[in-house]
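**Q** Chains as they are written, first to last, in my numbering: chain A, 251 to 750; chain B, 20 to 353.
None of these hints come from the bench; they were simulated from the model.
Since we're looking at a predicted model, the values are computed, not measured.
By construction, the Cβ of each residue, glycine as well, lies at the ideal position given by its N, Cα and C atoms.
Please note that a few of the clues may not be correct.
[To be verified] Listed below are several chain B residues computed to face chain A (Cβ distance under 7 Å; list not exhaustive):
#1 His-221
#2 Thr-222
#3 Gly-233
#4 Ser-234
#5 Leu-240
#6 Arg-270
#7 Leu-271
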Amino acid sequence: MSTTLLSMRGISKSFPGVRALDEVSLELMSGQVHVVVGENGAGKSTLLKILAGAYRADSGEMLLAGEAYQARDPSDAIAAGISLIYQEDQLLPNLSVMENVLLGRLPRNGPLVDWPAARRRARDLLALLGVDLRPDASVARLGSAQRQMVEIARALAVQARIIVMDEPTASLSESEIERLFALIGELKQRGVGFLYVSHRLEELEQVGEVVTVLRDGRAIHSGPLRDLTRDALIRLIVGRTLDQYFPGRKAVIGEVVMHVEGLRSGDALRGVDFDLRAGEVLGVAGLVGSGRTEMARAIFGADRADAGRVTVSGRALEPGSPGAAAAAGVALVPEERKTQGLVLELSVVDNIALPNLARLSRFGRFDWTAANADARGRIRSLNIRTRRLGTRVEELSGGNQQKVVIAKWLARRPKVLIFDEPTKGIDVGAKTEVYRVINQLAESGVGIVLISSELPEVLAMSDRIMVLRGGRVAAIVEAGDATQESIFEMAAGKRRASVA
Amino acid sequence: MSPEPGEPTADGTTEALRRRVSAAGRSVVAQTGPLLGLLVLGAALSILTDRFLSFSNLANVGQQIAVISIVALGATFVIIAGGIDLSVGSVVALSSVVFALAFSNAGLAWPIAVLAALGTGIAVGVVNGLFVTLGRLPAFIATLATLSMARGLALVVSEGRPISGFPDEFRTITSGRIVGDVPVSIGLTIVLFVLGGLALRHTVFGRAVYAVGGSEEVARLSGIRIVRLKVAIYALAGFCAAVGGLVLTSRLNSAQPVAGQGLELDVIAAVVIGGASLSGGQGTAFGTLLGALIIGVLRNGLNLLNVSSFWQQVAVGAVIAAAVMTDTLRRRRR
Numbered sequence: 251m252s253t254t255l256l257s258m259r260g261i262s263k264s265f266p267g268v269r270a271l272d273e274v275s276l277e278l279m280s281g282q283v284h285v286v287v288g289e290n291g292a293g294k295s296t297l298l299k300i301l302a303g304a305y306r307a308d309s310g311e312m313l314l315a316g317e318a319y320q321a322r323d324p325s326d327a328i329a330a331g332i333s334l335i336y337q338e339d340q341l342l343p344n345l346s347v348m349e350n351v352l353l354g355r356l357p358r359n360g361p362l363v364d365w366p367a368a369r370r371r372a373r374d375l376l377a378l379l380g381v382d383l384r385p386d387a388s389v390a391r392l393g394s395a396q397r398q399m400v401e402i403a404r405a406l407a408v409q410a411r412i413i414v415m416d417e418p419t420a421s422l423s424e425s426e427i428e429r430l431f432a433l434i435g436e437l438k439q440r441g442v443g444f445l446y447v448s449h450r451l452e453e454l455e456q457v458g459e460v461v462t463v464l465r466d467g468r469a470i471h472s473g474p475l476r477d478l479t480r481d482a483l484i485r486l487i488v489g490r491t492l493d494q495y496f497p498g499r500k501a502v503i504g505e506v507v508m509h510v511e512g513l514r515s516g517d518a519l520r521g522v523d524f525d526l527r528a529g530e531v532l533g534v535a536g537l538v539g540s541g542r543t544e545m546a547r548a549i550f551g552a553d554r555a556d557a558g559r560v561t562v563s564g565r566a567l568e569p570g571s572p573g574a575a576a577a578a579g580v581a582l583v584p585e586e587r588k589t590q591g592l593v594l595e596l597s598v599v600d601n602i603a604l605p606n607l608a609r610l611s612r613f614g615r616f617d618w619t620a621a622n623a624d625a626r627g628r629i630r631s632l633n634i635r636t637r638r639l640g641t642r643v644e645e646l647s648g649g650n651q652q653k654v655v656i657a658k659w660l661a662r663r664p665k666v667l668i669f670d671e672p673t674k675g676i677d678v679g680a681k682t683e684v685y686r687v688i689n690q691l692a693e694s695g696v697g698i699v700l701i702s703s704e705l706p707e708v709l710a711m712s713d714r715i716m717v718l719r720g721g722r723v724a725a726i727v728e729a730g731d732a733t734q735e736s737i738f739e740m741a742a743g744k745r746r747a748s749v750a
Numbered sequence: 020m021s022p023e024p025g026e027p028t029a030d031g032t033t034e035a036l037r038r039r040v041s042a043a044g045r046s047v048v049a050q051t052g053p054l055l056g057l058l059v060l061g062a063a064l065s066i067l068t069d070r071f072l073s074f075s076n077l078a079n080v081g082q083q084i085a086v087i088s089i090v091a092l093g094a095t096f097v098i099i100a101g102g103i104d105l106s107v108g109s110v111v112a113l114s115s116v117v118f119a120l121a122f123s124n125a126g127l128a129w130p131i132a133v134l135a136a137l138g139t140g141i142a143v144g145v146v147n148g149l150f151v152t153l154g155r156l157p158a159f160i161a162t163l164a165t166l167s168m169a170r171g172l173a174l175v176v177s178e179g180r181p182i183s184g185f186p187d188e189f190r191t192i193t194s195g196r197i198v199g200d201v202p203v204s205i206g207l208t209i210v211l212f213v214l215g216g217l218a219l220r221h222t223v224f225g226r227a228v229y230a231v232g233g234s235e236e237v238a239r240l241s242g243i244r245i246v247r248l249k250v251a252i253y254a255l256a257g258f259c260a261a262v263g264g265l266v267l268t269s270r271l272n273s274a275q276p277v278a279g280q281g282l283e284l285d286v287i288a289a290v291v292i293g294g295a296s297l298s299g300g301q302g303t304a305f306g307t308l309l310g311a312l313i314i315g316v317l318r319n320g321l322n323l324l325n326v327s328s329f330w331q332q333v334a335v336g337a338v339i340a341a342a343v344m345t346d347t348l349r350r351r352r353r
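Construct all of the structure, not just a fragment, from the sequences and the given hints.
**A** Here it is in structure tokens:
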């Protein structure tokens with residue numbers, strides 16, 4: 251019999267100038283997965299942080315199994331049986347699997363750590379999850395799926411009654427996602443309740459029973475998931491329909507702008523050849539570890555390729571030099587926006603000026619007027635929402651940050667733009683805007699390489715799709731001839747497809 | 020360990036095995052890197068000079084590095100936790116002066132005066148910890164401020180003059196001998212390092228130090244109480260600096276308000292040569308001891324070879340750069 255685990259009633263929270271949450275209420279039953287969706291900035295993370303004790307609500311009350319609950323800091327929440335698995339990796343690479351699982355609660359013997367007990371406990375928890383990991387293994391060497399499992403084991407270690415997951419599948423492959431969902435199912439049987447936040451609408455119906463939609467800090471809908479079509483759900487989230495989700499494009503495909511031949515880099519990239527034409531969007535699909543990101547970095551020179559040639563408009567690029575690649579008209583919008591794409595502490599205008607310092611300087615003096623004018627133009631054309639030019643980039647939403655990364659490169663009139671997971675972790679509305687920018691660029695004759703884990707995105711946005719497997723090109727197909735199933739089969743290989 | 024998807028299973032297994040073997044190899048190298056350096060240095064000096072390997076010279080080296088080592092032990096905790104403590108040199112002087120005044124002016128028994136000195140070190144450490152946590156100052160700035168304040172206070176309370184004349188029992192800390200004619204200060208250093216090493220490796224506190232240095236946010240969200248932990252870490256560093264100050268006072272039979280100037284740099288050098296990372300999460304007590312030994316042996320050897328102290332500074336600088344460079348290169352070549 252399921253009972254109410256958690257009720258949040260009339261929760262409100264304001265920050266200077268913003269009402270982040272406005273009278274939000276939510277009920278979570280034991281053995282239930284309650285999905286929370288909404289655009290970035292809709293208030294999801296604020297809600298989760300209040301639950302976890304990282305923020306305190308201005309008003310409203312929370313009941314945990316019928317009793318009043320208020321967390322002053324994260325350790326209160328953990329003591330109350332609430333465990334958050336955050337979007338960002340929350341593991342310590344300098345410590346072992348065991349210490350990560352038992353972080354903050356190593357079994358003790360007086361002041362000393364009881365290592366045999368710790369090892370036993372970690373092994374039991376990992377076995378419970380069906381994960382084959384040694385407790386003493388170093389976390390630095392684990393793949394993203396294994397890391398996720400370690401985080402879940404940590405949630406189990408605190409005997410959580412409520413597990414909150416924020417975008418847990420963002421870095422998982424299809425088969426790993428299935429594994430995760432099976433695990434969630436098992437924990438549900440034990441009466442654990444889940445709050446599940448995700449932007450990937452296609453997986454919600456698979457995992458959740460109930461949905462709450464947040465928009466602009468309000469809970470605008472709450473009810474069973476099966477009563478909503480995907481189209482209806484998107485409309486609730488953004489007030490738009492599915493065909494507006496992927497905007498159309500009228501690009502003329504021209505001459506070959508980039509030719510890649512025999513590109514190899516380490517174990518991950520074992521020989522990739524392809525051509526890219528002006529005005530074309532070449533989608534790149536593949537499982538985690540197939541070499542997609544390594545390919546992007548080797549082309550741009552961020553990593554030095556071991557072998558192979560990249561020619562842009564007939565001229566060979568000097569390997570291992572991002573400067574040379576940029577000068578030849580290649581630009582990269584990297585996977586890790588916050589660490590590789592932006593200097594978070596600097597302003598919007600500083601970030602946009604960064605690749606253009608030479609052009610914006612005269613006799614060594616930086617021309618602020620030109621830089622501001624430049625940035626203002628980009629902000630208008632890409633519809634970047636920022637209060638001022640001087641706003642620090644870290645204050646922008648994920649979608650607007652991504653547009654700043656794109657804006658950086660536009661002033662250099664790139665011939666080739668490589669996007670590595672451009673919509674990772676940004677909300678539905680902002681995704682559509684990124685798609686629109688990609689289309690604009692293609693229409694203006696830029697050749698686009700679009701790397702993405704989201705198959706619907708690759709299928710809808712690409713002219714051709716290149717599938718990578720094990721560091722090699724498994725196939726290049728016309729997007730019109732491909733389906734999600736056919737792409738997945740090529741990415742996984744026959745043997746893998748039967749496993750998954 | 021299951022192979023990465025898209026990778027053949029057979030390949031994945033050998034890959035996992037290869038990783039495991041190379042991980043084991045790496046950890047051996049990480050421990051033995053500084054040790055190897057020390058042995059090479061010792062071997063070279065015992066060939067180049069006939070006095071280096073003598074018991075009296077080695078005991079001398081041990082006594083000379085006792086202060087740096089003990090202070091560096093505390094700094095090891097701070098640096099593993101991702102912080103830095105620049106105030107330790109001033110704390111050495113302040114605790115030394117406090118001890119002298121408590122004994123000479125206030126007429127307290129010397130063990131009580133020792134407690135006063137240790138309390139002073141802990142107090143400065145607590146201030147550092149509060150600046151860093153509740154005051155939200157970067158550790159560099161916070162401890163730069165207390166470096167100046169503690170030095171100033173040492174000069175104020177001593178009126179800028181050295182204070183000397185302490186009882187023989189107190190002087191035994193450095194002049195005394197334990198079994199086998201080993202100086203007491205060396206024994207004290209070894210005991211403190213064994214305790215410090217145990218604390219880092221086998222106590223809940225020690226593991227929390229590594230956790231907060233790996234990622235403070237992760238540690239916080241796992242329910243580790245950061246403020247309490249950091250205050251304790253800086254207090255420990257202050258305590259170790261005070262112990263260092265007392266050892267120094269005992270050796271000189273004099274408390275000097277200008278003692279320990281620039282000591283913080285030697286201390287950081289010892290910790291870093293010992294394999295700790297200034298970005299936190301890495302380091303061991305044993306490594307720090309080796310780091311201090313390398314600095315001490317190098318200085319001693321260069322003295323025996325009649326190299327001027329000016330050139331010694333150049334040599335120590337080169338060793339710091341070389342030690343950290345080999346460490347970084349080793350980490351990169353995964």
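**Q** Compare the structure with each hint and give your call.
**A** So, going through the hints one by one against the coordinates:
Given the 7 Å rule on beta carbons, the hint for His-221 (chain B) holds: about 5 Å separates it from the nearest Cβ of chain A. Given hint, Thr-222 (chain B) at the interface with chain A, holds; its Cβ is 5 Å from that chain's nearest Cβ, closer than 7 Å. The closest approach between the C-beta of Gly-233 (chain B) and any C-beta of chain A is roughly 4 Å, which is under the 7 Å cut-off, so the hint is satisfied. Below 7 Å, beta-carbon pairs count as interface contacts, and Ser-234 (chain B) has one with chain A at about 6 Å; its hint therefore holds.
Taking 7 Å as the C-beta cut-off, the interface hint given for Leu-240 (chain B) holds, the closest approach to chain A being about 5 Å. Because the beta carbon of Arg-270 (chain B) sits about 32 Å from the nearest beta carbon in chain A, more than 7 Å, this interface hint is broken. Given the 7 Å rule on beta carbons, the hint for Leu-271 (chain B) is violated: about 35 Å separates it from the nearest Cβ of chain A.
The earlier numbered hints that this structure contradicts are 6 and 7.
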